[in-house]
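Given chain A, put chain B in place with the hints provided.
Protein chains: 2
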Amino acid sequence: QIRELDSILAELKGLKRGRLNIAVVSTANYFAPQLLAEFCSQYPEIKVSLNVGNRESVLKQLHDNEIDLAILGRPPKGIEVEAHPFMENRIVIIAAGNSPYASESAIPPTRFQDETFIMREQGSGTRIATEEFFAAHHVRIKTGMEMSTNESVKQAVQAGMGLGVLSLDTVMLEVETGRLVVLDVQGFPIIRHWYIVHRESKRLSGVAAAFKKFLISK
Amino acid sequence: QIRELDSILAELKGLKRGRLNIAVVSTANYFAPQLLAEFCSQYPEIKVSLNVGNRESVLKQLHDNEIDLAILGRPPKGIEVEAHPFMENRIVIIAAGNSPYASESAIPPTRFQDETFIMREQGSGTRIATEEFFAAHHVRIKTGMEMSTNESVKQAVQAGMGLGVLSLDTVMLEVETGRLVVLDVQGFPIIRHWYIVHRESKRLSGVAAAFKKFLISK
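Protein sequences, first through last, are from chains A and B. Take the first sequence: its position 181, counted from the start at 1, is 960 in my numbering, and no numbers get skipped. Take the second sequence: its position 81, counted from the start at 1, is 860 in my numbering, and no numbers get skipped.
No wet-lab data here; the hints were simulated from the structure. Do not take every clue at face value.
What the hints assert, rightly or not - Calculated pairs, BS3-like style, for lysine-lysine (alpha carbon to alpha carbon, straight line, at most 25 Å):
#1 B:Lys921 x A:Lys826
#2 B:Lys826 x A:Lys921
#3 A:Lys839 x A:Lys826
#4 A:Lys856 x A:Lys981
#5 A:Lys826 x A:Lys997
#6 A:Lys992 x A:Lys839
#7 B:Lys921 x A:Lys839
#8 B:Lys826 x B:Lys921
#9 A:Lys981 x A:Lys839
Said to hold, decoys possible - Partner residues aside, some chain B positions facing chain A, computed with beta carbon under 10 Å:
#10 Ala802
#11 Phe810
#12 Leu829
#13 Gly923
#14 Asn929
#15 Glu930
#16 Ser931
#17 Lys933
#18 Val936
#19 Thr956
#20 Arg958
Beta carbons are placed, not taken as given, at the ideal position from N, Cα and C, and that holds for glycine.
Isolated chain A (complex conformation) (with noise of 0.2 Å):
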């Protein structure tokens, strides 16, 4: 109740002063902080706390009203939430960077035949997309080291453990320098959208509203 107040009063202020607590799944920890540091710049008296969990946390945090906002890859199912999406979300296939699939265009899934990837842990939402997509093409891939974070995967690719399959936002600087190169593979990249959510019944303080329509306006 005393932050609902502080919420009324930073409301009254013009959103001079405040505090935004969001919760964003790993992935987005790679473009959240950029975000909120543009926003900030605006409000430079808000307080900010980021929150970086899997989805099962996030949604948690949701759930239990800890948070003003979460942003999510997928809303979620069986709990009442506004969802609006708000900007792309790519999913690649990266190697190493002297990889001799670096070279190729439109490599047919079927070229990843046997071959290794590095893969994210059993039940995560990017590794069933990987095995759902191979799957669907009829191609056994090898499972090679499990990393349960995507900066291990990009690293084990980076050290040319195998390939990977990652959200284009976590590899930018990887790509850039060279470190790690997008495959140019048919059916890629995946594109799905992020999304910026919170509980249907909440009422969002004046600079979680601001926040929300920041990112939609995107």
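Below, chain B alone, put in the same frame as chain A:
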């Protein structure tokens, strides 16, 4: 018990096969995959599973005997382990590449009076170390955004929202490309070590023992 049998068989086969389950704290996320890749290139049939978590979750996995080895910044207390230091962990102060501090040398900590720092969440080891350092120098810093991951801190610092305190291992690429700069501050880097840890009572598999030896020999 089946896993234990598997491990013994792996040893008999001269490490040609076998499985290595390792958990590391999130900062080690940035270098552990390369070490695993280097190790695995000698034993390509080994299956590796790397689980990245916060300190609490890594300790729980160690305690529950779910992993062979853990990589931590400080050996745990309260559970009987063998812990061997193997690599330096340099804690540094970072700023955006265009920061005016970038060109200064031997900056006294008092220069950071009232400076904004992008902080890890309450309870984070890096945050505690940062607050202790500045308190010891009677310097009051301001807490800007609070971010729950190293990656978010890096991104927010790059976006010019404040300074940050991180392990050098997490910022190599950004420093190399000039996006971030390591400041030359008196008292920094704070030098710690990484530890490879297992339960004292653990019967290490051949693969795990070999990986431990590989790390310590580096």
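(request) Could you tell me which of the numbered hints above are not met by this structure, giving the numbers in increasing order? (result) Going through the list in order, the structure violates hints 7 and 8 and respects the others.
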